[in-house]
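Chain residues, written in single-letter form:
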Amino acid sequence: MSERSEGGGHDRPAGSGFEPRAWFFMRLSGVVLLGLAVFHLYWMHFAIGVDNIDFQTVVGRWSNPLWRIYDFALLVFALSHGFNGLRYAIEDYVRRPGRRRMVKSIAYVAGFLLISAGAYIIFTFDIGAA
Amino acid sequence: MSQPTNVGLRSWIGYRGGSGYLLWLLHRATGLGVLMFLALHIVNIFLLGFGEEVFNKLLYLYQAPWARAMEVFLLFGVTFHAMNGLRIIIQDAFPRAWLHQRRLVAVEVVLFLAVFLPAAWIMVADFLGGAG
Ligand code: HEM
Ligand code: HEM
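Listed in order, the protein sequences are those of chains A and B.
Going by the working numbering, the first sequence opens with residue 13, and the numbers climb by one from there.
Going by the working numbering, the second sequence opens with residue 43, and the numbers climb by one from there.
The shape of chain A in the complex, shown without the other chains:
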């Protein structure tokens, strides 16, 4: 897994199966995040302004279901891309098999909790009650 090109990024793993698919997914999700994450960050900073964000800002945004879908897509792509990237780093740095399995398990549990918490609030947040 430590096969790497100059300047970041792995060479495409040979054959078929999980690793070449993960490799392709990193590029696909990268293109998606180029839109979703970069726009989100720059919009929050330069269109809204961090000082102007509060509870009511989110109530306003999430009263439009399209923003909830947007945030959900951002959540899913950023977490799956980020955690697969974290897996690459773990495989480079944690070399003892038992320990590697343990560190990976912790990472996967953390990823699962984060995606659950993120999806839960997007789909249960009730602007009527707010």
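What the hints contain is simulated information worked out from the structure, not anything from laboratory work.
Please note that a few of the clues may not be correct.
Covered, in the sense of this in silico footprint (three residues per stretch, anywhere, with C-beta under 8 Å from a C-beta of chain B), are these stretches of chain A [to be verified]: (1) 27-33; (2) 36-50; (3) 57-64; (4) 93-105; (5) 109-116.
Note that the Cβ used here is the ideal one computed from N, Cα and C, for glycine as well.
Please build the complex by placing chain B with the ligands on the supplied structure of chain A, with the hints as guidance.
Chain B with the ligands in isolation, oriented as in the chain A frame:
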């Protein structure tokens, strides 16, 4: 890579010198850094469920001076990772682009500076002007 030669920070992070490795290291560090921010960010947004008062109190975490400084790093991280990632994707999609890697890196660096420097400038000026 055999294990016993893993001594020192440089070999531990896998750094082997050269601008390609500097880009590689930055790509990894920014990716993991943004992921760390994202984890905190999701916990923070989850607190919406605890009501307006709790949520607004914790927004201080974004608006405190040290947080504003960290946000410049976040901007750096996302912007660099996005541009370098795009270059990687282009090179993988069009193998002939590898022949022009040096030029593509130069374009990437120029684009990165053209986006990041003004954005960071606005952020810092806004923060200094609006402080207090
Ligand atoms: C903004 C658009 C983005 C693009 C174009 C992009 C692109 C890429 C590419 C091409 C790779 C290399 C995959 C490989 O090693 O084969 C990568 C790795 C990675 N990305 Fe992203 N990415 C983006 C956003 C993000 C975000 C938002 C995060 C964090 C949640 C993230 C975290 C990571 C991590 C941790 C790695 C692994 C680094 C390594 O193994 O050295 N990326 N990205
Ligand atoms: C300092 C910069 C940022 C600010 C001020 C900010 C602000 C916000 C706000 C106010 C929300 C609530 C929902 C909404 O209004 O749409 C949100 C949600 C979200 N943001 Fe950001 N954001 C920032 C950076 C980022 C970055 C860099 C990422 C990606 C790596 C990201 C990913 C997300 C995700 C996934 C959600 C949905 C969270 C959930 O489901 O719990 N944000 N952000």
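Each hint, compared with the structure:
{"no.": "1", "hint": "27-33", "in the structure": "violated (count 0)"}
{"no.": "2", "hint": "36-50", "in the structure": "holds (count 7)"}
{"no.": "3", "hint": "57-64", "in the structure": "holds (count 5)"}
{"no.": "4", "hint": "93-105", "in the structure": "holds (count 7)"}
{"no.": "5", "hint": "109-116", "in the structure": "violated (count 0)"}
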